[in-house]
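*Asks:* Here's the letter readout for the chains.
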Amino acid sequence: MTATAAKRELAPGTAAKLALFSAVLWFAVGVTFGGITRIKMAYPDFLSGVPWLTFGVIRPTHVDVLILGWISMAFAGAMYYMTPALCNTKLWSERLGVVNIWLWNVGMVVIIATFLNGIMTGIKYHEWIWPIDIYIIFFVMVPLAVNVWMTILHRKTKGIYVSLWFFAACLLMIAVTFLLGSDAMGWTGIASAYMTWWYAHNVLGLWITPVSAAIAYYVIPKVTGNALYSHRIGHIHFWAIVGFYSTPGAHHLMAAPIPEWIKSFASVSGVLILIPALAFITNILLTMEGKWHMFVDNPVVQWSLTGVLFALPLNVQGAFQQTRAINWYIHGTDWIVAHAHMALLGFSTFIEVGAVYYALPRLLGKPLYSVAMARWHFWLTALGFMGFWTSLTTAGLVQAAGKAYNTPFDTVLAQEHPYNVAAIFFGWMIILATWMFLYNMVKTATAPVPVAEREPAAVQATG
Amino acid sequence: MRYMWGMLMVVFIFATAIVVTVVLPDAQMLSQVKPTPQAAKLAKLYRPESGWTIADPLNTGANAPSMVGRGRVVFLREGCYFCHTMMVEQTMDYTDYGKPEPAGWWWAQRPTVNANERTGPDLQHVGTRLPSKMYMIQHERYPRLAVEPDGVTTHAPSVMPDFYWLSNTDLNALADFLRAQK
Ligand code: HEM
Ligand code: HEM
Numbered sequence: 066m067t068a069t070a071a072k073r074e075l076a077p078g079t080a081a082k083l084a085l086f087s088a089v090l091w092f093a094v095g096v097t098f099g100g101i102t103r104i105k106m107a108y109p110d111f112l113s114g115v116p117w118l119t120f121g122v123i124r125p126t127h128v129d130v131l132i133l134g135w136i137s138m139a140f141a142g143a144m145y146y147m148t149p150a151l152c153n154t155k156l157w158s159e160r161l162g163v164v165n166i167w168l169w170n171v172g173m174v175v176i177i178a179t180f181l182n183g184i185m186t187g188i189k190y191h192e193w194i195w196p197i198d199i200y201i202i203f204f205v206m207v208p209l210a211v212n213v214w215m216t217i218l219h220r221k222t223k224g225i226y227v228s229l230w231f232f233a234a235c236l237l238m239i240a241v242t243f244l245l246g247s248d249a250m251g252w253t254g255i256a257s258a259y260m261t262w263w264y265a266h267n268v269l270g271l272w273i274t275p276v277s278a279a280i281a282y283y284v285i286p287k288v289t290g291n292a293l294y295s296h297r298i299g300h301i302h303f304w305a306i307v308g309f310y311s312t313p314g315a316h317h318l319m320a321a322p323i324p325e326w327i328k329s330f331a332s333v334s335g336v337l338i339l340i341p342a343l344a345f346i347t348n349i350l351l352t353m354e355g356k357w358h359m360f361v362d363n364p365v366v367q368w369s370l371t372g373v374l375f376a377l378p379l380n381v382q383g384a385f386q387q388t389r390a391i392n393w394y395i396h397g398t399d400w401i402v403a404h405a406h407m408a409l410l411g412f413s414t415f416i417e418v419g420a421v422y423y424a425l426p427r428l429l430g431k432p433l434y435s436v437a438m439a440r441w442h443f444w445l446t447a448l449g450f451m452g453f454w455t456s457l458t459t460a461g462l463v464q465a466a467g468k469a470y471n472t473p474f475d476t477v478l479a480q481e482h483p484y485n486v487a488a489i490f491f492g493w494m495i496i497l498a499t500w501m502f503l504y505n506m507v508k509t510a511t512a513p514v515p516v517a518e519r520e521p522a523a524v525q526a527t528g
Numbered sequence: 098m099r100y101m102w103g104m105l106m107v108v109f110i111f112a113t114a115i116v117v118t119v120v121l122p123d124a125q126m127l128s129q130v131k132p133t134p135q136a137a138k139l140a141k142l143y144r145p146e147s148g149w150t151i152a153d154p155l156n157t158g159a160n161a162p163s164m165v166g167r168g169r170v171v172f173l174r175e176g177c178y179f180c181h182t183m184m185v186e187q188t189m190d191y192t193d194y195g196k197p198e199p200a201g202w203w204w205a206q207r208p209t210v211n212a213n214e215r216t217g218p219d220l221q222h223v224g225t226r227l228p229s230k231m232y233m234i235q236h237e238r239y240p241r242l243a244v245e246p247d248g249v250t251t252h253a254p255s256v257m258p259d260f261y262w263l264s265n266t267d268l269n270a271l272a273d274f275l276r277a278q279k
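Taken in order, these protein sequences are the chains called A and B. Throughout the first sequence, residue numbering follows the working numbering, covering 66 to 528 in sequence. Throughout the second sequence, residue numbering follows the working numbering, covering 98 to 279 in sequence.
Keep in mind the hints are simulated off the structure, nothing from the lab. Hints should not be assumed to be uniformly reliable.
[Unchecked claim] Distance windows between CB atoms, simulated:
no., chain 1, residue 1, chain 2, residue 2, range
1, B, SER229, A, ALA469, 47 to 53 Å
2, A, VAL486, B, TYR100, 37 to 43 Å
3, A, PRO116, B, ALA152, 20 to 26 Å
4, B, THR150, A, TRP326, 31 to 37 Å
5, A, LEU350, B, TYR100, 52 to 58 Å
6, B, ALA112, A, LEU339, 20 to 26 Å
7, B, ALA124, A, VAL211, 41 to 47 Å
8, B, MET106, A, THR154, 23 to 29 Å
[Said to hold, decoys possible] Residues of chain A placed beyond 10 Å of chain B at every Cβ, according to the derived structure:
no., residue
9, ALA93
10, LEU151
11, TRP167
12, ILE255
13, GLY290
14, LEU293
15, ALA321
16, PRO322
17, HIS358
18, VAL361
19, THR388
20, ILE401
21, SER435
22, PHE443
[As the list claims (entries may be wrong)] To give an idea of the interface, some chain B residues facing chain A are shown, with a C-beta separation under 7 Å as derived from the structure:
no., residue
23, ALA114
24, ASP123
25, GLY148
26, TRP149
27, ASP153
28, ARG174
29, GLY176
30, PHE179
31, GLU186
32, ALA200
33, TRP203
34, ARG207
35, THR209
36, HIS252
37, PRO254
38, VAL256
Bear in mind that the values here come from a model prediction, so they are computed numbers and not experimental data. In this text, a Cβ means the ideal position worked out from N, Cα and C, and glycines have one as well.
Chain B with its partners taken away, still in its complex shape:
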């Protein structure tokens, strides 16, 4: 009997924790966050659910309504987010990566493709930093050999994997997706 009460107590405390740390903050985030203009635009370019879906079991991105959306699926499939965040932090991060965005920047995205490690640079505003598509594709294929549009800068110490074996469509889509991150 004593133990039944104990178990009920566990359920009660855990349920309270869920109300405070899941229901309340999520209700706030889902109801109060309004899309930024860019997020509203991008949501149309991504497929409605850009996580894994039964319709596209191999994560090819072929069903996406645009190349940008397809690129997002490739980004997810190749696990790019394990090294690159897509979130400029509310710290002195802006000195390197530009303005920290309000929550609306991720509006309707599922998932947010945001892990925590930053083995490579943040990509939230990479489209602003590196607008050249040619460079983007070169860099995806051979990150250590690609030469930036200025003709001199290379990234010899980079530890990013080569993706030269991706199809041309995938490389293009990925470049479009990255260039859309403004």
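One chain only, chain A, in its complex shape:
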């Protein structure tokens, strides 16, 4: 009896629930670090003199908490939820999934603690030290990948849906990317600069972009009730990602002394990324056929589709800015920071938030606590992001013009100040919305279930 009770504790979906909740928490923490960073970029004396709150340590904390704690953990939650659903079976090991997420959370705490104390490698996007690399590989990546792969192998369906190809392939590619980008590889000299960007680029291209797309491939057809418009376009998307998105790392170093051929190669394959991007966007938009009213009516579709729509300007901007003719002008300015936020906030985060709104109420078996709050969340984030993007892009153009016309640095800083102030305002709209999101989800989870809807076992357990 006790054995069955213990089994019961890990009901299907436990790992997914835990992952999505933790992810939302890290989301709120991560953007708050970003918000403080933003204030410091306009008013550097804000919280000045506190060593663990200097710009140089909270900036990477912001970025890595969001990439590793929010985006990647939301991916894990989505995989734990969607893989069994698409395989018509249970997750291979619910327990492993739960352990995986707890260890992941511990890892996040360690990362924040080390960063705030300046314990960093000095490699952008891979600031955590190599012992943490080992931890991440063994306690974060491997358990997640094994669980997803084993679930797919034990599937009770005949075919494999396109989302699952992405999950399966990306888990493999990100592991290799992670290894090659680790400080432990000991790259030196200019090769170390190159590998920093090879790694950072592939995290974006072989993990964040395709897994976000895979989530949209699941959520949009499910919610609208339409079948995916075309599996063939899905094939094109998949193979083009694997082929073209694994190579343009050098477009982050267009004016650095690295071999010219690799820059040209990156420039060309960088434009080819438009193929998977357009395939994906087309496929999703055509899937919406006849259901466009849901864009307004349904929060899940609203979030996911907005994310998909941001992918269009994002990728066009990317292809544009990486050509040599343009890149020298905006490289190193806030224009790029705006592009980065369009990518990770506008495109990726919107899709993941859609997935959370889709999956968490279903996992909890309860309706969303407040739909009104979800609406506020959407509009504050969407408008906040657009304002944020516009201010940063403008600041970037000011910096670029300053660079091109040899304007003294101080003049440029003074000129971009108003836009940096605007970015604080818009940024904090997003932060406010995110805490509201967390509150809404906690309330949804803790809301009492009407007695009639409780399952018998639960009724017994609570007497």
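Put chain B with the ligands on the given structure of chain A with help from the hints.
*Replies:* What follows is chain B with the ligands alone, placed relative to chain A:
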């Protein structure tokens, strides 16, 4: 079965991508890049591995063979590279920051301490531009209050954080490191 072939195909394409974009360029860069005279000199002043090491878990830089090396660790610990590049680009950058250096300038450096944002000016040749140690330390402590050696120039709109709370040794080391960037 079909899917096994698919997975093999993914492995094959990705492996090809790694050969073309990791193995080939890195082999070229690691074998063909020769140190510039300055890089050879600096490599001796930095500690052999100037990223994070177990021997110095808190990134104090105390094990570095020189103040310059220690300063490099402080630079890395405080995240200065998030705002300052150390790479004059092969563009019209030279009009502001001096000559773009060949790849050998970074020889043996690990990591290259080079992010992409330029919220502050490039520092590759800062030692040539600002040789005064006194000014350097003043500027590290209070960037908005420091007065350049000419007695007039200040940087009121600067958004650089104050580092007055760093130890004197750290401030000195940082200044030495920056002045060595010629
Ligand atoms: C056709 C597609 C794209 C191309 C060609 C492209 C190109 C580029 C280039 C050239 C840069 C560096 C610019 C510079 O520093 O001068 C950049 C930065 C960045 N891109 Fe993209 N991009 C594309 C799509 C995406 C997508 C889909 C994502 C993520 C989901 C993304 C995320 C980022 C991020 C985060 C950065 C900032 C990197 C940094 O810290 O400097 N991009 N992109
Ligand atoms: C889901 C939401 C977000 C994600 C995924 C995200 C991600 C990122 C990334 C990848 C970067 C590095 C960009 C680069 O180096 O080019 C970055 C930088 C930054 N982010 Fe965010 N961000 C988010 C939200 C925010 C918000 C809401 C704020 C402010 C209120 C913010 C403020 C900043 C600041 C100040 C930087 C540093 C820019 C610099 O050094 O010039 N971020 N963020």
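*Asks:* Hints first: check each against the structure and report whether it holds.
*Replies:* Do the hints match the structure? See the list:
1. Taking the beta carbon of each, B:SER229 and A:ALA469 are about 30 Å apart, not inside 47 to 53 Å as hinted.
2. A:VAL486 and B:TYR100 have their C-beta atoms about 53 Å apart, which leaves the hinted 37 to 43 Å range violated.
3. A:PRO116 and B:ALA152 have their C-beta atoms about 22 Å apart, which keeps the hinted 20 to 26 Å range intact.
4. A hinted range of 31 to 37 Å holds for the C-beta pair B:THR150 and A:TRP326, which are about 34 Å apart.
5. Checked against the hint of 52 to 58 Å, the C-beta distance between A:LEU350 and B:TYR100 comes to roughly 28 Å, which is inconsistent with it.
6. Judged by the Cβ atoms, the range 20 to 26 Å given for B:ALA112 and A:LEU339 holds: they are separated by roughly 24 Å.
7. Between B:ALA124 and A:VAL211 the C-beta distance comes to about 33 Å, which lies outside the given range of 41 to 47 Å.
8. For B:MET106 and A:THR154, the hinted distance range of 23 to 29 Å is satisfied, since their beta carbons lie about 25 Å from each other.
9. Every CB of chain B is more than 10 Å from the CB of A:ALA93 (nearest about 23 Å), matching its label as outside the interface.
10. Taking the minimum C-beta to C-beta distance to chain B, about 13 Å, the non-interface status of A:LEU151 holds against the 10 Å cut.
11. Consistency note on A:TRP167: stated as away from chain B, and its beta-carbon is indeed over 10 Å from all of that chain's, at 25 Å minimum.
12. Consistency note on A:ILE255: stated as away from chain B, yet its beta-carbon is not over 10 Å from all of that chain's, at 4 Å minimum.
13. No Cβ of chain B comes within 10 Å of the Cβ of A:GLY290; the nearest lies about 27 Å off, and the non-interface call holds.
14. Separation of A:LEU293 from chain B is adequate, the least Cβ-Cβ distance of about 18 Å exceeding the 10 Å criterion.
15. The Cβ of A:ALA321 does not lie farther than 10 Å from every Cβ of chain B; its closest approach is about 6 Å, which violates its non-interface assignment.
16. Against the 10 Å criterion, A:PRO322 falls within the reach of chain B, whose nearest CB is about 4 Å from its own CB.
17. The claim that A:HIS358 is not at the interface with chain B holds, since no C-beta of that chain comes within 10 Å of its own (minimum 37 Å).
18. Listed as outside the interface, A:VAL361 is consistent with that label: its C-beta sits roughly 38 Å from the nearest C-beta of chain B, beyond the 10 Å cut-off.
19. Every beta carbon of chain B lies more than 10 Å from that of A:THR388, the smallest distance being close to 14 Å; the non-interface claim holds.
20. A beta-carbon of chain B comes within 10 Å of the beta-carbon of A:ILE401; the shortest separation is about 7 Å.
21. With a least CB separation of 38 Å from chain B, A:SER435 remains clear of the 10 Å interface cut-off, as annotated.
22. Non-interface status of A:PHE443 relative to chain B is upheld: no Cβ of that chain comes within 10 Å, the nearest being about 30 Å off.
23. A hinted interface residue such as B:ALA114 counts as satisfied when its beta carbon comes closer than 7 Å to some beta carbon of chain A; here the least separation is about 4 Å, so the hint holds.
24. For B:ASP123, the suggested interface contact is upheld, since its CB lies about 5 Å from the closest CB of chain A, less than 7 Å.
25. Interface hint at B:GLY148: satisfied, since its Cβ lies 5 Å from the closest Cβ of chain A, which is below the 7 Å cut-off.
26. Among the interface hints, the one on B:TRP149 holds; its C-beta lies about 4 Å from the nearest C-beta in chain A, closer than the 7 Å criterion.
27. Using the Cβ-Cβ criterion of 7 Å, the hint placing B:ASP153 at the interface with chain A is not satisfied: the shortest such distance is roughly 10 Å.
28. The restraint placing B:ARG174 at the interface with chain A holds, with a minimum CB-CB distance near 4 Å, inside the 7 Å limit.
29. A cut of 7 Å between beta carbons decides the hint on B:GLY176: the least distance to chain A is about 2 Å, and the hint holds.
30. Among the interface hints, the one on B:PHE179 holds; its C-beta lies about 5 Å from the nearest C-beta in chain A, closer than the 7 Å criterion.
31. With a least beta-carbon distance of about 4 Å to chain A, the hint placing B:GLU186 at the interface is held under the 7 Å criterion.
32. For B:ALA200, the suggested interface contact is upheld, since its CB lies about 4 Å from the closest CB of chain A, less than 7 Å.
33. Satisfaction of the interface hint for B:TRP203 is found here, the shortest Cβ-Cβ separation to chain A being roughly 5 Å, below the 7 Å cut-off.
34. With 7 Å as the threshold, the beta carbon of B:ARG207 comes within range of chain A, its nearest partner Cβ sitting at about 5 Å, so the hint holds.
35. Satisfaction of the interface hint for B:THR209 is found here, the shortest Cβ-Cβ separation to chain A being roughly 4 Å, below the 7 Å cut-off.
36. Interface restraint check: B:HIS252 against chain A, minimum CB-CB distance 6 Å, threshold 7 Å, status holds.
37. Residue-level restraint check for B:PRO254 holds (minimum Cβ-Cβ distance to chain A is 4 Å; threshold 7 Å).
38. Nearest Cβ of chain A to the Cβ of B:VAL256: about 5 Å, under the 7 Å cut. The hint holds.
When each numbered hint is compared with the structure, violations occur for hints 1, 2, 5, 7, 12, 15, 16, 20 and 27.
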